[in-house]
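Trainee: Here is what each chain is made of, one letter per residue.
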Amino acid sequence: MTPSLRSAALAFTVLTLSALPLPAQELRFNVVAHKLDNGLKVLALEDHSVPAISYYTFFRAGSRHERPGRTGISHLFEHMMFNGTEKNGPGVFDRMLESRGGVSNAFTTEDLTAYHENFPSEALQTVIDLEADRMASLRITEEGLASEREVVKEERRLRVDNDVEGALFELLQATAYLAHPYQWPVVGWMADLDAITVADCQAYFRAHYAPNNATVVLAGDFKPERAIELIGKAYGSIPAQPQPAAVVRDEPEQRGERRAVLKKAAQLPAIAVAYHVPGTGGEEVYPLDLVEIILGAGDSSRLVRTLVYEKELATRVFVSNDWRIDPSLFLMYAEAKPGVPLEALEAALHAEVERLGREEVGDTELRKAKNITTTSRVRALKTNSGKAEQVGLFEMYFGSHTRLFTILQSYEAATRADVMKAAGRYLRPDNRTVVTLAPTEEGGEGGR
Amino acid sequence: MRAACRTNVRCGRGRRRRAVALGAALIVSVLPRGAAAGPAAPPAASSGGGFSVPAPARTTLKNGLTVLVLERRAIPLVQFRLLVRAGAAADPAGKEGTASLMARLLKRGTRTRSAQQFSEEVEFVGGSLESFAGAEATVVAGEFAGRDLEVGFNLLADMVLSPAFRQEEFDKEKRLVLADIVSRLDDPERVAQEAFGSWLFGAHPYGRPAQGTRRSVEAIAGSDVKAFHEARFAPNNSVLAIVGDIDAAQAAQRVERYFAAWKRRATPEVRVPDPAPARGRKVLLVDKPDATQSQIRFGNVGIRRGDPGYFPLVVANTILGGGFTSLLVEEVRVKKGLTYSIRSRVEALRSPGSVSVATFSKNETVLETIRLSLDQIRRVREGTIPADSLDKARNYLAGLYPLRIESPDDLAAEILNVEFYGLGADYINQYQKRVRGVGVEAMKRSAARFLPLDDLAVVVVGPAASLKKDLETVGPVTVRSIASVLDPS
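Here the protein sequences come in this chain order: A and B.
Mapping to our numbering: the first sequence position 174 is 174, numbers consecutive.
Numbering-wise, our numbering comes out as the position in the second sequence, counting from 1, plus 1000.
For the record, the hints were derived by calculation from the structure and aren't laboratory data.
There's no promise every hint is true.
With a straight-line Cα cutoff of 30 Å, these simulated BS3-like cross-link-like pairs (lysine-lysine) come out [said to hold, decoys possible]:
hint	chain 1	residue 1	chain 2	residue 2
1	B	K1172	A	K311
2	A	K264	B	K1172
3	A	K263	B	K1362
4	A	K264	B	K1174
5	A	K263	B	K1174
6	B	K1336	A	K87
7	A	K41	A	K263
8	A	K311	B	K1226
9	A	K87	B	K1172
10	A	K311	B	K1095
11	B	K1226	B	K1263
12	B	K1468	A	K223
13	B	K1226	B	K1282
14	B	K1335	A	K264
15	B	K1174	A	K311
16	A	K264	B	K1362
17	A	K263	B	K1433
18	B	K1226	A	K264
A partial selection of chain A residues facing chain B, derived with a Cβ cut-off under 10 Å [stated by the list, open to error]:
hint	residue
19	R157
20	L178
21	A245
22	V248
23	R249
Using N, Cα and C, we set each Cβ at its ideal position, and we do this for glycine too.
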């Protein structure tokens, strides 16, 4: 183990079987932070365990920055970032990277867009040049947009139109929000995808893809001082831009349950539920994360144990306290077992959830939830790519990557009373949206 | 709490919400053992780029269990991966799905722990223990914090040595499997994958999902599952890989302590015959009247994992359909916008697996997508490809390899692959050299022989009424209902 590897290793205290409270957990590695004059933030994490580097570029640009009529532009635009610049033609980005043994990909969420490359260390200069080049001088053509639009429509058909769960969650989100941009899908409505123009993309690029709206995170086999110097040279001349217009983030308080039905060819009925909850800026995100674990993480969790195994009402359940910058949703999904009326599944689901708001969880159960949280945070850091991604996501969601190193303390601090209070405050019927899947005739070949 | 990426552009493959573990894909990309693993490898030499992985410490316990340990201290996690040399291919005829059901039941209770107690203990320390059957092996994989090593060993040994197979848990798990078989008909990608398996391989074990079919799972009794475990789960038929936060010097002793009670016994060898390749073209059209997009799969039988032609074929396949700059992606996705994802894949098992293309397109452009894809196969076979293709593919495969085995779980899985398929002790460190050593002639010969064109099994899942006529120009078409996937004949 080299000294530099040691410095990058995690100092970490793992929990034991004891149900007693433990000292605050520590999770830490060295991140060198630097800001260029044009506002580009660079976070560099040195780790020589593999002769490779992971390079992420995060932009504070997601579907929350869109407007009705142009939904899906953040994501469609993400695709356009691979289609050529003033200097490099379409496809050159991927070819230069792959011919050096690297890979690239990207993802778009409600809050952000991230681009990432994993590659052998010697390709660092190439990657920096490619990323700086597309931030400086992306070229958007009619032809490129026409073709990419079709690719994205195929993606929508795959993930939503021909995917039962995708369609269910799209309707859930659209029903739960009245005002906030989180109401539309990241992939966008089909008609909007057809409406987006080259001019729209150019305006989006100017507004959101400025260095002062971006954070570069790199992790792996390099010297931070040297990497930062190279990045400064390549990106330094890209001018900063005015801050994009503020997001309209109001969402009126929900007063009473909302329901919707999705009729679609399917084998089994299912239910999806959403409760309005605070975003990552709120303190209650931590007890609600623990509620997520208590309800749905593993065979011993409350919903899997009762709905899947004891009462045999569901084939599977899914629970997520989604992290978002603005007030978010606590999501649940359950598919009914063949022969089980959906009403029975729904009643049992609500009963388990509401019980959490009335009765405190036991010490052991809370300890378990905290232990699961700890190991899952560590698991996210198994690779350089994982570390770079987590550093960047924490920068986006919490305003500083250093939160990654202290977040376990916030989970540790949550008490049984905190968990009950958060569950009682948010996971209640008047704050709930329910979408049920009613299978139509042509789908039900084997279910009933 | 997962940072949500609901729409994960360019990531292509995964459906995130399906919780079902797909054993077959994960597991055993089986390699042939015995057959010479490529050109004789020269003695260990680190292969350029400073990449090398130390050989795992090997111990064989008295009972015959092979233990391979690699210490990796960068992350305070330890990965256990036990491979038992028997999977779905060893299922009794008519009771396909036995290995898979047995694997699922391992964590549903032991002689001293109820199912609930077992999962409670695993999850209390934030650990995981999963088991699943692939075609040719069953794997039990666990991950624990290094500090909880003893807890992990204890639970792993308990589920492997002393599963209870209580009738009540068996009945429940069987009902869940049957429900999942029905539920998966809503996943067009999975339907296409399974239909392609049976359309190409027929009754051969590679042609059926490890989970079994509705009819075969209904035929399984609790005693079958127990019998499978008794006959196949033996230390001398297994390999345990341990990677991560563990002292290699002490690991074997610890394993001895927990696994010494496992009794050696004779286990029948699983023999998988070579599957018969498709001759000519045949198209299966699985009718999904409501679909606005059709899933497309086509391919034929390729080679076994230990075949000396493996690396040339992997390189040829990368030129055709690997990464974001392959001919398929370039022509079908980038230039024409016909799909969001297209890739080709070599599945090399102990016997020859498939070489296949997977994609999808809106119903109106299914035929165009198939034709354009076949054109690309023709180009690779005939060698009319861009001059830099071979170099790019070799660099891509070699450069990515260290990243593919970066995490302790991926590394443990690769160590088991090397062991299971008999790839040679220095396989991992020789990988880059082998890829870089593939010459243009070897690549071309391999492409001409194994990238399928005239002999082809094709599966399309979409609305038959509007697709049938088009597809008849590809080959003779058989139409089946989607329900037929539940019980393929």
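Trainee: Kindly indicate which numbered hints from before are broken by the structure, ordering the numbers from low to high.
Mentor: 7, 9, 12, 13, 14, 17, 18, 20, 21, 22, 23
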